[in-house]
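A.B. asks: Chain by chain, the residues run as shown.
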Amino acid sequence: MDGDEFKSRFLPFNGLIYRISFAITCDMQEAEDIVQEVYEKLWKIRETSATVRHDEAYIISITRNMALDRYRRKLNRQTIPASSLYDLCEEESEDNNMEHKEMLGNVEILLASLPQSQQMAMRLRHFSDLPIPQVAEAMQLTQTNVRQLLSRARRTLKEKFENIYAK
Amino acid sequence: MKKIIFTLAFTCAVTFLFAQKNPFEKFTNMNGVTSVYISKNMMSLLPKESKMQYGGVDVTNFIDKLSSILILTSENSKIAQEMMTVANSRINEHNYELLMRVKSDDGELVNFFMKGKPENIEELIMVVDGNDDESVIMQFLGDFKLQDVQQMTKSFDKKK
Amino acid sequence: MQNKIEILIDRFYKGETDSKEEELLVNYFTQEPGSLQGDADRNVIQLLSSAKISVPSGLESKIASMIDRWEVQEKKRVMDRNRIEFRKRIIGVAASVLLVIGIGFWYQYRNVENQSGLKETFDTPQESQEAVMEALQLFSQNFSKGTGAMEKADEQVDKTLKIIDQLLNENVVNTESNHTSQNK
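Protein chains in written order, with this note's numbering: chain A, 1 to 167; chain B, 168 to 327; chain C, 328 to 511.
The following block holds chain A by itself, in its conformation from the complex:
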């Protein structure tokens, strides 16, 4: 596969990769780095990997793993059990974009009180604007599970708002 072929097949995924990476790492720079790494890997194995039936699922899987890897290395943790995928982003994100940060900040504050799995689902769905099937793929859950998580999260948020206004 030469450069042009590779580009036409895989380049369109760059946004997806970025958004997933951001949802996991909460960091724009990290997300960009991960995009680069994902493409490096795709480039290296482009000849040997059999024509993958679903490029998208494959790419989401690679991205997810790589983002996790990077985050692990960053935090110097040896092993992170799967559930802790949702423990990421506890730390404040170090975005340089202030406006961005503000907006995110508000939502972050709201989301921070939610259970981790709900947070991740919400981040992937709203920050990264991924359709539910992709959210499910990234989190390795069923779509029904994802909907449940979103449902609970949203209802909780509504409650919070109602509480605010009730005061």
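Because the hints were derived from the structure by calculation, they are not lab data.
Covered by chain B, per the in silico footprint, the following chain C stretches (three or more residues, Cβ under 8 Å): (1) 418-427; (2) 459-473.
Calculated cross-link-like contacts (lysine-lysine; reagent style PhoX-like; alpha-carbon spacing at most 25 Å): (3) C/389 - C/379; (4) B/232 - C/446; (5) B/207 - B/284; (6) B/282 - C/446; (7) A/158 - C/347; (8) C/472 - B/270; (9) C/379 - C/347; (10) A/41 - C/402; (11) C/472 - B/282; (12) B/270 - B/282; (13) C/389 - A/7; (14) C/341 - C/331; (15) A/41 - C/389; (16) C/403 - C/415; (17) C/403 - A/41; (18) A/44 - C/402.
Chain C residues, not near chain B, derived (Cβ > 12 Å throughout): (19) 347; (20) 349; (21) 350; (22) 353; (23) 355; (24) 359; (25) 382; (26) 385; (27) 400; (28) 482; (29) 492; (30) 496.
Fair warning: this is a prediction, and the values are worked out from it, not measured in the lab.
Virtual Cβ for every residue (Gly too), placed ideally from N, Cα, C.
Place chains B and C on chain A using the hints.
C.D. replies: This is chains B and C only, laid out in the frame that chain A set:
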């Protein structure tokens, strides 16, 4: 890489061998010296049947085993002495074995030297020190046995 | 219209809406200042929709040029590798050739280390033949002198032994005849 080094070393060794020239070479062009050199190529061209013409002596066997014949003859006593010196130093240097020594009534001294073992002779030199008369050095190079030499001399004897 | 919105909102809280539907809701809330559902819904939905992050604009072109660079690097690597392989093969062949030549020389000059400066004296085999025969003859003469002398010496020894033998026998005969004559 190893191959290259090996090949170069080999070629150098061969060249080194080349570098060892025949010490008798300088006599071949000297005035006062008659020199005859016959190489293997020339010997292989010798017609085999017509040897019979020379009195029925069959020495093909011996000739086949030779790679060269070099004969130096000189009546000049000074040159002759030089030839003797060179021959002797060569003989000493390379540990030739004295095969036979013949002294005849007229004061002629003939020495036969060989390099190698009787079963495996590389070089046979006959050195004739004729004092004021003719001096001869005959050098046979090749790969032969003492038996071959004896057979060859016997053939010439028969002719008598 | 209201019903539609209500239905959508309901679906939203069940987690069933897709982005298009959510967009409709956002538009509705933006247009209608005070809605029936109340501010909580509006806040939740508006806030969540605004949280979309954008992919940096230069990302795609950055990646594209990166890929181009990789392609060039790879091609160069392949070319270099080929060049090296090619050179290796040439060196291999050259080495083998040298080796063969070296062996050839070695074989040829095994016995005749000193052939370098010597020139062939004769031009034709016929001329050489005479010289060869003469040389061998001279050689053989001298050689035979030596071996002949040895044989002569041998003969001498033999003769001497015979004489001694005879003398001894004569003595014995004499002694015996003396004896016999004495005994008579």
